[in-house]
Amino acid sequence: MRSMSAEQRRQLAFLLLLLGYGLVLVVSLQGLSEGARAFPIIVLVGTTLLWAVKLAATLAPASWRAVIEPRGIVPLVAAAEADRGMAAGEAAGETGARGGWLLWLWLLASLAAMFALGFLLGSAASVLVYMKAIARTTWRAALPAAAATTAFVYLVFAEALRVDLGPIPLTVLLQP
Amino acid sequence: MIESLHEALALALTWPNPLLILLGTLIGQIFGMIPGLSGAVAISLMIPLTFTMPLHQALFLLLPALGGSAFGGSLSAILLNIPGTAVNAATCFDGHPLARQGKAGLAIGASAAASAGGALFGLLVLAAAIPVMLTALLLIGPPEVFMLSFLGLCVIGLAAQGSMIAALLSGGLGLLLSFHGYISVVGGTRFTFETDLLWDGLPLAPVFIGLFAISGVVELLSAGDRIAGSAVRPGRFGAGAWQGVLAVFRHPRVFLSSSALGTLVGIIPGVGGSVTNVIAYSLARQSAKDPESFGRGNVAGVIAPEAANDSKDGGALIPTLALGVPGSEVMAILLGAFALHGIDPGRQMFTEHLDLVWVILVALVASNILTSALGLTFSRWLIALTRVPVSLIGPPILCLCLAGAYGLEQNPWHPVVALIFGALGVAMTRLGYSRVALIIGFMLGANVETAFFQSVQIARGSAAIFWERPISLTLFLLIVLALALPFLKAALRRRAGAKESGETS
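Top line first, the protein sequences correspond to chains A and B. Just so you know, we're using the working numbering here: the first sequence kicks off at 232 and counts up by one. Just so you know, we're using the working numbering here: the second sequence kicks off at 96 and counts up by one.
Worth flagging that the hints you see were computed from the coordinates, not collected in a lab. Here a beta-carbon is modelled for each residue, glycine too, at the ideal position from N, C-alpha and C. Among these hints, one or two may not hold up.
If you anchor each label on the Cβ, the simulated ranges turn out as follows [to be verified]: (1) A:V276 to B:F344: 54 to 64 Å; (2) A:V298 to B:E598: 20 to 30 Å; (3) B:K384 to A:A244: 24 to 34 Å; (4) B:A522 to A:R296: 18 to 28 Å; (5) B:A579 to A:R296: 41 to 51 Å.
Covered stretches of chain A (in silico footprint by chain B; criterion: 3 or more residues with CB under 8 Å from a CB of chain B, positions within the stretch not fixed) [as the list claims (entries may be wrong)]: (6) 255-267; (7) 296-302.
The shape of chain B in the complex, shown without the other chains (with noise of 0.2 Å):
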């Protein structure tokens, strides 16, 4: 293990790849303080570029993007009050009244040191899991990958901010576009109609670009001439930011609970950072001495969501690498750049490719200690990109996006393929379906299928292996579960209100 650890920071050193990082880490803070863009926008975008790069130095590429983007997001969050990404909502309420008030600069450092402090948390607890992991696994088969791929499913419904019924409709509808081309299990196509072009499957490159960039950008431009909008104006830098870094030790307890909340939330496949940095506010406003102060510019409100952000990715990693179930859409986007370059997550992964678990960890933990250096530093200038205009910049991405689906295969039907899911990707998003859980599912789609027939033969034909393995029948009654809670909650909340009327009345 220390080997592989050498060996992945060996690589980093190496040239290009502190060029790529760098590259990399900026290109995901630009995408992130935009908002309408984010980390996935950014990673959909680049896949199309490391197609013929050997994988480690792809990872290089696109890893410090998550990184750069989440730290991106609070940064247009605290000085204009727009969150650039859905997982920096929480930073809003502390952070503008803080750069309101003139102390851009602490919430701005507090940010960074929380951001970089909650990664680094995170990607301990992935690193020191490996072990347990390995062991773990073993205990895994084909019934429980098959029930937590579909509590993954589910649970997006449960943490949808919309419907639940529209959430799960949309892992389903990516399941059954997971279903076109060759099945590994049993041979042979489907669902093709007789088109060369899907004998492989939707490809995977244009549909994330379709479903994550070109509807990103078009929602963009329909919005409005600015990105900020003229009528935001940014709050003042003040100086400070060491102050802020500073406030971050002065507030280890809710630094380290933001970050263990972050890393198990994390590790839930399906939930991602959006419920993730809420809670971790939630939490901190309801356990300090002084709750009345947060949402008027409390460092502290500042520092959970941030650490509970950062560490997430450390979580959400496990189930990615160990059992190819992705926890959000940044995850999923990951699983197919793994697949482009011919690599399957699973137990594997810790045992053959134990060095590429390495350089996602070394690449991630360097991504987050330069985003913030960098946040640091510039961020007084980068925020000005977002008062650029959106006619400048988007379809200038727009032509990108279509010459990169179109450069990884030089398949010409491949940004047609893009043009339709970005298409597929403005509609759901305005009629309120979601696109994270159509990507996971689609994701998922020829995993779930090969755990199901593995299971089917072990059983010998019968369905009940599902519910007579111990861990099994648990995710099989937490899906129960899952399904269940909004109906009950639904239930529970219009009992009360009739009650309470009944009493007024």
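If we strip away everything but chain A, and leave its shape as in the complex, we get (with noise of 0.2 Å):
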């Protein structure tokens, strides 16, 4: 583990969490009739497959990645641009990989606000929040986006759509 690229490390616990949720499946499949569990079996097992080649790749040295998982084929311009496009995903990921925590954190901040204060007041809370916690905006901006995502979100859910937009009860949360 130690000699594996940040990269690598990467790609592995994604596929763990594949496979996490591959195993799931094949033990909710005891107890199924066997025309619900004909088809999920058969491509259960092509992804199993598919699975295990990438794992190969991506524990396999760098000479070998291309050889066990080629790249698709397109033009040249296309594989040059998608290059390019690569690079600068990565450089994206790299500086999500340092506010991303802080921003998954808010979202869920926000869930939590909107369902106890609802919808209306959780969506202004949860903007000024982001606006002056994390992006350290001003005032004079986040005070205007915060009522506008609060008119907007009046407008249409509850005026036009006809949504309750709560806030919404625990007892009611935890009857999924």
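Now that you have both chains on their own, put them together as the hints suggest.
In structure tokens, the structure reads:
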């Protein structure tokens, strides 16, 4: 594990996540009728083969990776563009790795606020928290953005679509 | 057929449909222009808003976003050298050099005319194909639908710009995700883990919103402070937008060949537009008398990718509407919108719902003309949106994503599903997996399984039916070829490399 690059470790973690999901499905196949499980079994077998090839490519030395998992056939220009795009994506990924956890934490907190306060107040609070605490913008920018979001949610969801925007009681949440 | 066309035209002119077309076009154009967002994000976000509308009104709002986003993406490609969406990558090559020479107006004019003309070309092909399709669909049975769906997934691997295996694995994951919930072919439910949430399968709108809208905005917020980046300076507009429009008529061969190519590639399920525009650009350059002028501001280098880009939608609608096999992520989301409104694609689309097919055509034609007109008129002001800090537009869009995921069925677990798929979308993008393949696999799942069961029933349990019928056999061989080609190409490249190094030593 220690000799693996960060990219390899991320790939491996994602593959393990996929494996976990596949195993849950395999266990859930028990008790299903023959008709209900026939096609999922075929797809599971095919997907497991692809998963194994991807795992081999992830663990293999760099020189072997192109042999195990070739790129799609695209015109040369597209390949060059893709390289440029992937480089940009990787750069974004690095930036995201630094700011990513905070962003996801904010998203989870926003959802909790929307459930607890309702979607109108929750949206306003979420936008304000992001803009002031994370993006560190001025109140002059944050307040109109929060007000506009709340107004849009109210007009579209509460007025036009007649959606009950909460708050959502905990008892409803605990009955998925 | 003419009656249905009249009906669709009358509907398009009935209030509030013109407003919906304008709104959809504008939203699509703005989302297309902002790199990181796209037509798929716009349509995902708008699906919950259309749930209470009649289907024709929903189509008049959703489809113009598709037309608007492709042209919107070309504006940022020309002015900022950043393709707004992946389908506009090739427009940068000559569009931005023209902008740097002070001829952005010329490039935008050419892009507007080529986009509108290309879209009309593709849609005319679709309209002309309707009678042919009614006959052709009689030849296509469950084994062919099964093979064609798998071919679609394999072609995504073939056209993948990253790893082919990762793209195929994404498609497989999409199929597995589609297996949750009620099974229409045999009755009963599976993989629901004893919750009502999964009884109807994974909810479509939250999956779309998470996979495209949330992940797109999270990537945007992670990437930087301004969408266009502070170092990017927009090119100069100059005059000459009408010169650009006329340039399309001065390059009829480039326009027609690129439009035909776009339509043809669009018909192939799974390929999508990101490949179409670069193939059209490469062909235009190869067949030009002055190929060395490409990349330095040749207007034909703008016409070719833009015409191909917009004509592909007409082609992509053929397998989507006729067989329920989507050609791109936008088509997959469109299929989801059909499903939410209780419409199944297939032969009945052209017999019982021909009016809807015409509504789709009219909406796309109107939006493509409108988006070009809007682009020509307002692009110099609209492009200012890409200079807005992402922290100002990202959080409100994310709040709308969560409210939208909740609003459709007022189920508090749906925003949670959207967040989970948002995280999955971000992980897939960063690790080189294909979200397009996943969503196409997800939308194909039920169709593929039904086609599989029907085929096996027709053949009384024998799998030989998949290679005994000529069309099915041809599709099977194409699948084998699609899977083998990248390996063969890689092997040939290695052999050539080894030979070259042997000669050098």
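Status of each hint after checking the structure:
no., hint, in the structure
1, A:V276 to B:F344: 54 to 64 Å, "holds (55 Å)"
2, A:V298 to B:E598: 20 to 30 Å, "holds (22 Å)"
3, B:K384 to A:A244: 24 to 34 Å, "violated (53 Å)"
4, B:A522 to A:R296: 18 to 28 Å, "holds (20 Å)"
5, B:A579 to A:R296: 41 to 51 Å, "violated (19 Å)"
6, 255-267, "holds (count 6)"
7, 296-302, "holds (count 6)"
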